[in-house]
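Residue numbers (my numbering), protein chains in the order written: chain P, 4 to 330; chain X, 63 to 358; chain E, 1437 to 1792.
Calculated from the structure, these hints are not laboratory results. Mixed in with the good hints, there may be bad ones.
A few chain X residues facing chain E, derived, Cβ under 8 Å [stated by the list, open to error]:
{"no.": "1", "residue": "Q122"}
{"no.": "2", "residue": "P123"}
{"no.": "3", "residue": "S125"}
{"no.": "4", "residue": "L210"}
{"no.": "5", "residue": "T211"}
{"no.": "6", "residue": "T212"}
{"no.": "7", "residue": "S235"}
{"no.": "8", "residue": "A244"}
{"no.": "9", "residue": "A250"}
{"no.": "10", "residue": "L253"}
{"no.": "11", "residue": "R257"}
Beta carbons are placed, not taken as given, at the ideal position from N, Cα and C, and that holds for glycine.
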Amino acid sequence: MKPVLAVEDLTVTIGTRRGPAHAVAGVDWAVRPGETLALVGESGSGKSMSVLAATGLAPRTARVTGRVHLHDTELTGLTEERRRRLRGRHIGFVFQDPMTSLNPVLTVGRQVTEAAEEHLALTRRAARSRAVELLDLVGIPSAGQRVDAYPHQFSGGMRQRVVIAMALACEPDLLIADEPTTALDVTTQAQIVELVADLQQRLGTAVVWITHDLGVVAGIADTVAVMYGGRILEQGPVDAVFGAPSHPYTGALLAARPDPAAGGGDLVTIAGAPPSPLDLPAGCAFWPRCPVRGDARCEHELPPLVPVSAGHQVRTFYPKPSDGERR
Amino acid sequence: MSEQQISREGQVRRALSALRRDPLALTGTLVLAVLVVVGVGGSWLAPSGINEVDVDVMLQPPSWAHPFGTDELGRDVLSRVMVAARVSLQVGLVSVGIALVVGVTLGLFAGYYRGWLDNVLMRCMDVLFAFPVLLLAVAIVAVLGPGLTTAMVAIGVVYTPIFARVTRAGVLSVREQVFVRAAVSVGASDLRIMRRHVLPNIAAPLIVQTSLSLAFAILSEAALSFLGLGVQPPDPAWGRMLFDGRGFVTEAWWLGFFPGAAIFVTVLAFNLVGDALRDVLDPRQLTVSEARRSTA
Amino acid sequence: MSERQRADHQLNAAVPADGAHAAVPKQRDPGEVVAELDDLAVWFPTPAGVVRAVDGVSLRVRRGETLGLVGESGSGKSTAGLALLRLVDPTSGTVRVAGEDVTRWSRRRLRALRRRVAMVFQDPQASLDPRLTIGASIAEPLIVHRLTDGGAARRRRVDELLDMVGLRGELADRHPHELSGGQRQRVGIARALAGEPDLIVLDEPIASLDLSVQAQIMNLLRRLQRDLGLTYLFIAHDLAAVEHMSDRMAVMYLGRIVETGTPAQIWRDPAHPYTAALLSAVPVADPQAERDRRRIILSGDIPSPVDPPGGCRFRTRCPQARPECAETDPVLAEVDPDHRAACLFAGEAVRAMRSR
């Protein structure tokens, strides 16, 4: 199946007072209809920026290079207006903080269908009944009455449902969810994860889910890309990556979480902190913290993404042989 | 105390190195330096005495002999502008100093403790704020008699509520910060928290307010002197000279122009320096190497 | 010692996987009680009404142990922690520290209390004064409580504290913005250690850190506890982290403790339906397990603490709620030795939920 959205060799450089920040340093990924791609990484890994840049939402100070295809249309060459139209028609967004995603002085009903009114040319009356339908779809009880309520009258979880309804209003082919559950409690997170999985099944939407939480990834993703220092270090089907992590970073991340089944010894740690996008190492970005430590080649030469199994690629000179399961 | 000295020295050094990189701020600083020199040594530096009347050169336009021209009594305008710098600077510094000390103290306590203290103090400030500067000055003159001191006290009292409000607003936001709670959690006293954590974090708006107020205080002094409530003739003051020159706008523009220009340049210089200081005093704007140098 | 350090830095050093460690529950003599909340209530007046942030909480922290306090937003777990430093004023109930009732202590006396109980905050960036150097922040408790004589001794102590948390001494002259998130949290910990407190309240100490840094901080906290015999109240929403860090743990919901026990008891055998739902909601980094697990999805949201439900507070979201639950406000009752739950149908309800 052809991808809904595909990026090739994407870079994002942002000018700052202290010099250029290489937020994204060459990234390729694609998401197909009905599929969930999880972009996972720590702060500053470039996971959000790669998606914002691909959809033309990068900050003005950012310089973006590379190719981005939405279905068959190359986006980077388009005018801002044309890109905005395509984005509105094909892509829905859900961001981390449901409160700031909503306008406090408009009713949720108006907000949910605001974009649809423009892109689908709905009348006011049709928009209202569509809003009720959407709020119902995302599991808001008594949607018929709640449609006229204001965002502050909703709880955090319910607000995020409203934002999801908003994102779905134009029946997008692609839903981009940028840390949509990070600001929510675990029990609410479970509700939202369940909701998105259910909607995806019913509507066949492709999803790009950006998160730092490996547990969430395990629950929602079909394919996963692990980002670090503006690049993908490992990507592939979720079972392959979690079952046989082949990059030292992925392995370390998976081992760093306390596992209640394993008891209370010291946790495996990664020394140091993630690199600054202002000062990326020339070679492998993970090299300074890498427990394998490699050699001078790691320090000076960027390792290529090499396949380790079907669809499973890893950016290291020293892939861990994918023998058997972790633990 | 030594830690504070170190950080204070660091700030001074940082301020100086930042000034070197910012041409506008450097200009402002140079202008202020010239003003201070003129203000302190004006009477020695001036080419002629301020009250040397020379009827032969009444209302002369600027020339080599009198670069700023002469006034209706034949006095040298340049000399008078130079000597008047002292009055303006003195009024500005003393009156803003009064307002700063009183206003910051009141605002700090009002904002930190809230409650009835806040209500009482800030209502008093509102009452003061409601008085026009001149009305208040007249009232103070009635008590103290006219003169420079009266002008300084009046301007200081009028600007106190502004500092109290700016301080209080800053305190209200800073006291909600986690680091203030952290200081409470280690057992720091209220006074220590105000001095060590709250004040330094509201320094930026206060510095900006100070530079603006210095400028406005100089303007206020001009107004008071014009009304005869400030500097008494024949002593020169920029405001006094500006207003005296208004009757000669058509035939002798230089009478008003040069004192006016002096006020303008001084006010501008204070603002430029204030803006630059605000930037420098924020440690988040330092690069690693600068900070290392400044605290080394 | 060297072995532990090696484990810290070696990626492939396996987490004890034989299960032996986990099988033996940590046994301790019930030691001296360092701090205690007794039927504590903390209510805040707000324009929307009186928020009952903490509404009848009792807990004891014993010397040398870590008591974990887990709950979602609005559960009152942070407020309970703040009460131990008297950073909030109790509405009723008692706060005891080292045997002394500090509930009504004056502001002046409270300053001394805050040497005995220290706190580490969630956001290390926000909890450090941006204008102070790292050294000055760490030295604050030393100055406030006059713990060192003169600048040189203070500087030595700051160096020592930095070393204890694994930071180089030269960082003392830096400002917070020049440090990474993990380094800043180490500074927060060093400041908490400065007064040699009896108890450290750790309020979500890893929540705002990157994953790879969280493990460093948890290891550091455990090492410091072993080396210095520290006592912790570890407050977090992250069940796995609380389980990992704690000797005993308590689960809070809407201002109340609903279950207490050892981490093993709570993890394997939750007795309260809320604990079971919370456990089932925690995502696990294992795709196969995620596909196989049966989630207990709670309906709706946590009710407003202004107007908590009568009877059992969890009944409005509880999949096993019965008519009796609206009548009786359940108290914490023993279900196993050292394992208590506040549910009329403790144990039974969870079994019913899981076999559904």
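What hints, given by number in increasing order, does this structure fail? Those not satisfied are hints 1, 2, 3, 4, 5, 6, 7, 10, 11.
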